[in-house]
Amino acid sequence: MKTYVRFPNARGSFRVWQREFTIFGKYWKTLTFPNFIEPLLYLAAMGLGLGAFIQRGGINGQSYIQYIAPGLLAANAMFAASFESTFNTFVKLKIDQIFDAIVTTPVNAEDVVAGEYLWAGTRAAVYGTGFLAVLTIIGFIFLPNQLLISSWWALLIPLFLFLVGVMFSVMGTLFTSLIRRIDLYAYYFTLVVTPMFLFSGIFFPVTRFPAPVPQIAWITPLYHAVNVCRDLANGPTLGTLADLAWVVIFTAILALIPIQIMRRRLIS
Amino acid sequence: MPAWSEEATVVARNLKKSYGDFEAVKGVDFEVYRGECFGFLGPNGAGKTTTMKMIYGVAIPTGGELKVVGLDITERERDVKRRIGVVPQENNLDDDLEVRENLLVYGRYFDLPKKVILQRVEELLDFVQLTDKAESEVEHLSGGMKRRLLIARALVNDPDLIILDEPTTGLDPQARHLVWDRLRELAAQGKTLILTTHYMEEAARLCNRLVIMEGGRIISEGSPQELIERHVSPQVLEFRAPTETLERLSPLVQDEADAVEQTDGALLAYTADADTLLEKVRSAGVAVENTAYRQTDLEDVFLRLTGRSLND
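Same order as they appear, the protein sequences are chains Y and R.
In case it helps, our numbering puts the first sequence at residues 807 to 1074.
In case it helps, our numbering puts the second sequence at residues 4 to 315.
Straight-line distance between alpha carbons at most 27 angstroms, and here's what the computed BS3-like set of lysine-lysine pairs gives: (1) R/Lys-19 x R/Lys-29; (2) R/Lys-117 x Y/Lys-832; (3) Y/Lys-832 x Y/Lys-900; (4) R/Lys-149 x R/Lys-117; (5) R/Lys-118 x R/Lys-136; (6) R/Lys-136 x Y/Lys-835; (7) Y/Lys-832 x R/Lys-118; (8) R/Lys-29 x R/Lys-70; (9) R/Lys-149 x Y/Lys-832; (10) R/Lys-136 x R/Lys-117; (11) R/Lys-136 x Y/Lys-832; (12) R/Lys-118 x R/Lys-149; (13) R/Lys-149 x R/Lys-136; (14) R/Lys-70 x R/Lys-19; (15) R/Lys-149 x Y/Lys-900.
One-sided excerpt, in silico: chain R residues whose CB lies under 10 angstroms from chain Y: (16) Lys-20; (17) Tyr-22; (18) Lys-56; (19) Gly-60; (20) Glu-80; (21) Val-89; (22) Asp-99; (23) Leu-100; (24) Val-108; (25) Arg-156.
Honestly, the hints are just simulated from the structure, not real lab data.
The beta-carbon is built from N, C-alpha and C at its ideal position, and this holds for glycine as well.
Just need the whole structure built from these sequences, with the hints factored in.
Here you go:
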């Protein structure tokens, strides 16, 4: 039998996205809350707590809380999309067999995967928008001299977080497509997600470290997502485009691989 | 005169499916005609479910030809899937959605206009007697209700062909009869049905024609009545007695009956004339405690063809 690369269909992907949207519409109040609180905890603990011990002058002329706030937006999108594409996708794939039911309709396996990418992006953007609003308000009320979000370019952040969500969904789905047991996600979160969270320039500027630290940071997706978020929050430069291009190209190259593997898991 | 038309809804020619070195389906040929109810019988591992999966497009054939609703399934998978309905063996309803929502969301996968979906969903809830449960969570439904909802879901696109993999396995008799009623009504509406089952009674009641599969091959094909006539004598006598009595009885019965099977504690004699056979046994003076007479049925055919040993 000939095998060739499968591409998703827009209509089928939309139907899968629409299923998720319908369910989100029912449960959004309970679903959203933890995703909203977690970044605020980091902001309080690191920004205010640790920030109090960091010398006046902060980083690159910013206070510490100003420095970390935009990066937390990117991290929040990463966590939202990673949970969606790992545990949630695994349950739909193996436990509830939701995908098995869908692929007997005109919606194909490849549409299922692409629809889930789009949904992870949407979820990341929705959470990100809420968190962005909170950061902006906190800045205006409590820190008027050092606004957390200081540029109108920040209005593009939700759109960018959609892209970040899709990127981390592609990565998470790739891992999901390769594993048979749900407990293996401990490896993914401990060895991939958490190190990125800690070492992608959210909490300290990695570029000031000697080689190979900046080089390692450069190959991690979150590093570029953090750069773009920080630039959009404070006013972008030409360098922002380079980081944006990195995210787009990385996502595009990787996106088709989980689709092929997941198709083989659903269609024997 | 068959009730169905001669137009084939499914045509399989030397259809094969292998998983690595394992050949699940070793080249089967069959046709399912429009408007008939066609059954696949066979022990576990015979290749029934794999054949079903090939028909509804989730297993890709590794050899031969398969046309479903007149189209090549590997080349036109979306078009085929648009016109078929599938009731899977395992429940895969959407637990995050209520009963009605399950049907609404499923209808969207077929790109049906919203108005059409809304109307059809109410009709289907009524058809499977779940209107009262429309707002229930799926996990609160009984097994029979879940199966009826799966059947309703498979009908949401008004399919030409409905594929049911063990539609009544695990249901109580009331729930089973309700499913049978619904399936008969679908057949009366002119839908083509393909089902697999382990229940011979179900196959005999519902199927116009059926095939018996074993080891990845079709070993017999026909209407339930044809299969009985072809493979077993019309009547069977069951003698129950201690093994030593049966040992003595055996040669006598062997001479008279068309076929004899001995199981633990029972001797089954297939014959066209049970009265004469019974008379001979009595006159020979062998004491048999318990003798049962019945017409042969599909189960006898099935056991004759596929053996009495376990298949797991």
